[in-house]
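Between the sequences and the hints, there should be enough to build the whole structure, so can you do that?
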Amino acid sequence: MKTALPILLGLSLFPTFLTAEDDITKVNATTKAFWSYKPLRRPSVPEVKDPAWSRSPIDAFLFDRLETNGLKPNGPASRRELIRRASFDITGLPPTLEEVEAFEKDSSPDAWEKVIDRLLASPHYGEKWARHWLDIVRYAESNGFERDSDKPHIWRYRDYVIDALNADLPYDQFLLEQLAGDELEKPTSQSMIATGYHRLMQWDDEPADRLLHLFDNLDDDLRITTEGMLGMTVGCARCHDHKGDPISQEDYYSFMAFFRGVKQPGKGGANIENVGGGEGDAGYLASLEKHDAEGERVKEELEIAEKKIGQQLIKTFPSLKGRLSSSGDEFLVLLGDGREPSPGKWFYTTRKPSANWSAVNFRAENEKWKRGVAGFGKAGTPGVKVNTEWSSKELWAQATFLLESIPEKLRLSLIHDEDVEIFLNGQLVLRESGVLGNYKDFDADKKFLSALQTGRNVVAARVTQTKGGQSFDFGVKSYQGEKFTIDVALAMAKSKGVDGGLLAKRKDLKKRIAQHAQSRPKPTSVSAQVVQEHGKTPPPLYVHYRGNPHVKGEKVMTTRIPTIFGGDELEHESPAHGRNTSGRRLALAKWIIKPDNPRTSRVIMNRLWQHHFGRGICATPNDFGYLGERPTHPILLDWLATELVSKKWSLKQMHKVIMLSQAYQMSSKGQAANLAKDPDNKLFWRFNMRRLTAEELRDSVLATTGRLNRKMGGPSVFIKLAPEVLATSSTKGGKWGNSPPEEQTRRSVYIKVKRSIVPPILQDFDLADTDGTCPVRFRSILPTQALAMMNSAFVNEEAVSFAERLRSEAPDDPRRQVGLALEIALARAATVRELDYGIEFVEVMMREHKLSSEDALNRFALLVLNLNEFFFVD
Amino acid sequence: MNKPVNSFCGQINRREAIRHLGGGFTSLALTGMLAQDGFFNKANAASLQGNPLAPKDSMLPQRAKSVIFLFMYGGPSHMDTFDYKPKLYPLDGKTIDVKTFGRGGKKNKGRVVGPKWKFSQHGQSGKHISTLFPHLAKRADDIAFIHSMSAESPIHGSAMLNMNCGSVVSGKPSLGSWVNYGLGSVNENLPGYVVMLENSGGPISGAKNWTSGYMPASYAGTVFRSQGDPILNLKNAHNMPREQQRTLLDYLNTMNQEHLGLRGDQSDLSSRVSSYELAYRMQTTAPEAIDLDGEPDHVKELYGVGEGRTDDFGRKCMLARRLVERGVRFIQIYSGGAHNDANWDAHGNLEANHNKHAGNTDKPIAGLIADLKQRGMLDETLIVWGGEFGRQPTAEYAKGTGRDHNSFGFTMWMAGGGIKGGVSHGETDELGSAAVGDSLHVRNMHATVLDRMGLDPNNLSYFHGGLDEKLVGVEGAKPIHEIMA
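Heads up: the protein sequence lines correspond to chains A and B, in order.
Numbering-wise (our numbering), the first sequence opens with residue 1 and increments by one.
Numbering-wise (our numbering), the second sequence opens with residue 875 and increments by one.
Calculated from the structure, these hints are not laboratory results.
We put the CB at the ideal spot given by N, CA and C, even for glycine.
Certain hints may be false.
[Claimed, not checked] Stretch by stretch, here's where chain B covers chain A in the computed footprint (C-beta under 8 Å, at least three residues):
(1) 142-155
(2) 215-228
(3) 669-677
(4) 726-733
(5) 764-773
[To be verified] Straight-line alpha carbon distances no greater than 20 Å define the calculated DMTMM-like cross-link-like pairs of lysine to aspartate or glutamate that follow:
(6) B:K1109 to A:D855
(7) B:K983 to B:E1304
(8) A:K669 to B:D1142
(9) B:K1109 to A:E724
[What the hints assert, rightly or not] Simulated restraints on C-beta separations:
(10) B:E1349 to A:D117: 53 to 59 Å
(11) B:E1349 to A:G566: 32 to 38 Å
(12) A:T96 to B:E1349: 54 to 60 Å
Take a look at the structure:
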């Protein structure tokens, strides 16, 4: 009777008995040809007559279907509607009136494209779209059950998702890092943090049945992967062969084998590692290199600018010729450290030299010491500019510099890892121990100065190292009395004859250099919850009879993908860098991100479409199987999927492709004829109007009142909750914290996600439940929402803040205050009628309800935050 | 009236849901529900229009219209309350072989704690009830006792989820959500599912106990307070007078109408306009429902309202009756909150603990039954009494009378709509350590509640994550026919 599923095929409501070849629970010609199981191919784009609907392939696909069905697509939305729609879709925040007006006035042909580019470049993009992904992976920061204990550091995973989206990390890499960022050839701190993906589920610290709970957790991990990444529901195959898809119970357990080694969440410090950037972190080294290269580039710019300034100064004051410090540097370099354009040359050895090695008369060149340029160290040791590789325990080095006279002052520079002794002309002048992570510049002390001699001066150094990286560098510079720095020359010349723009540029460059030096990436200690496995060989896995782990069936011998996808056994090996894992997740991830995987690109493009158009091309985004909905435009989806792959999995580029289509720019207005034929807008003849999501709503309120704190990232914040809400917890205060006021106005994506306590302002508006993957949120409209919007402390406090903003921006001008309220909240100018109406409201509140003018405006602010126009996006 | 209709987590809006109906049928087909043509043929697109809580026809003859679940949080001891174990008294202090599993893990031996209260027989049925419940004992003939209950976990966190949502992991909708999903609510001015908590705090896992899980939040329980502001955000901010609020709403509506003018086909916009009117009405109906001042003294006396220790629970029971009168489908009242002795979780001193909690609730519960009966409401109101598990016959520690958790066997009782009075069903062994014979699972209790409410427990399903989820699980469960009238 498995085959008596006529409706699944979308054919008829009447039972039809199908042949074995049509049995959709088996791998056969029928199932292999099903839209989401069949291989992904680039479809050809239909030709359509309407030129406006033929520029984007998306439009051609849609228009073709609309025309066949006798539907006429809507015309374009107004520019205001469009930019408001795009702002919410991409950043989750409303546009400002200025942004709307600028777009309305921009008559350039690429005006729309510029808006898209600006929005996609905004860091708020990551905050908005991360939330969509967090719904799918049921992101939460506590474990649930009796203690609902915290998952320490897990917020880094949330930040990882935000950052990855903002950096447009290719989607294949994004999946790879989450599934197996620890098993990559070169894990980075980010790829390690990404594996927090496996740590988000509910977890009971005292389950009645430990074995069952273990497999509940593995099942949970497996489901967010199969449903989230592959659009495949496999839950029922845990107990028996799938009754609606060609997935057998054996398929299920062979797939679970990929996850079998994963350790379960645990109390407190379990699965927590230091993933901070250091010499083992390719990401950190790359960022260091990038930073230094940028620094060099700015310095060169400064040199060029100063050269020009010097030339202009010399024109006015010829006597300066030859007396200007060319580099703008006030020092004469005697022995350059590694940072100088010409670093000093040293003799060095790593083998213990004879006892007189530090004496003046010790000639290193005669002792077969090697020649090397400053500084010394192992690549990647923080701070030092390495020109000569040194990676052994000890280093002896000698260098010389010449002096014509004994200076009164000298400037020294030093960096070392670890202990260092420096001799000058045979005398011990400096001794430092430990690690110096950055160059130290300092004036020579008396001891150093008194050891100087005219002519040849010999510097001898010995450095010893016990663990970690190595570094040593030392420099000597003299202050230049006889030369003028640019600063001094400029001051003397009172900048006469120098181009003002050039001076401003120099000032700006110097500021940038200083700031840049401040922001040099530092090796840090970063604690994160990461995935860990039980070892290179995971514990054995058995098929569970009826899903019961206590009733073992056959041993699962292979890690393989489901038969319908080819059933390949995936080879794997433990990562070479010695991490104690099986490599199984990496093997799976590599299969999932293969460009020809029939699901991965289809699934993510469907999600992109869903969040732009309000409904996926397949309306069940986690289920592309027989139990899911059929796609309305499967060929278009295939086109989008292949386009994503050809764009190297760049989501930002695909957003742009979608938003540039005519379809995205359509108005949401009704048309009687179309409403009669396609009331549900199945064929996308209009844009779908939508209510704001919970986060968009709260963030919009804060943006409107001007109190939104746009700070990004970091540990989650606790917003104020009513005592009644905290009283629902079994512990006093519900272990809910209290963040400082300025933190409480941050974007909703940063609010603490605690399984047992959910802030009502978000829950009332259909926040996703965190116990399972949520592909599509509900969009309910309920009286409790009206109560929250009229009476909650949050909305009322914000309404007062909003009114205060109006009073300060338009003091003593009620009509302007009313107009401003509508302008800010709705991002459009108020009509005369609305102004009259608003003023009438304020007056009625004062006259009939005896409110002060202040309170009357407070009420108007509250009213505006409750408008449908504020809540819905056309 | 409409039939309950399956919907998706994948639901986008109501219009979308209509489109999803095909998918709904799909899943129903899988559990063989196509066989029940009569049931599903009536489902139509219109059935998902409007409020998800709109009233729906029951699937089966309805024996009860509302449920009052008296949740004895922490786990009351069955052998000290309703499950008479005469042989346990003389064993007091003796160490015996008995398999137990509780907070302290699995044990094979233990020191018996003899029952600390005397039992005597009550009513026509001659039911043995301990002296902990002198008032309730007078209602013995209205009650059906189930002595062979078992649950999947002897640990509070997962056991609470098990008792409320049918599963030891979280994410599933609670019993009250299923009832509201299946039947809708007949009073749109009040929530269909109300939860009342103890002042000492909520139960372990808090809101997870009345969650709607993967169903829309409109099916979740609403926390109601018996005094003050019954529902969060119900009271106007700034003490705004009602006339002023009316003016505000009128101006808001006018401006919303203008916006709606160009978008007449967007039903969400007009729904939102009417949701403000509903909320406005709720603001009077809900406080009116909790206003017990008008209740006559003799009724208050019945519930123990105004009598110190029973006042709080008495108010909640009286409020429950008033909510039932107003059509609220499911009401859950917690006896006990927070942790340890603030609820029935008697690990240390059994006597002090149970004297306290039984003493606080005995008269109110007896009063509730009596009051419902005298108003002719008892036969359409289903009362459920019990905790997430029972307690062990042996002591948890070397000293003292405290008992550890016991999910192998414990007692719950039901009374009212569609339930036989004066019966006892099932039993535990002579120590009370485990159910014997055909033990009953939490699922059977859930099945009984759904059945009595007119919902077929084995066919009431909700399609989610590729599965037809049911409260009673894929295994299904029979209602407890032995106690059903």
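* To do: List, from low to high, the hint numbers that the structure doesn't satisfy.
  => No numbers; nothing is violated.
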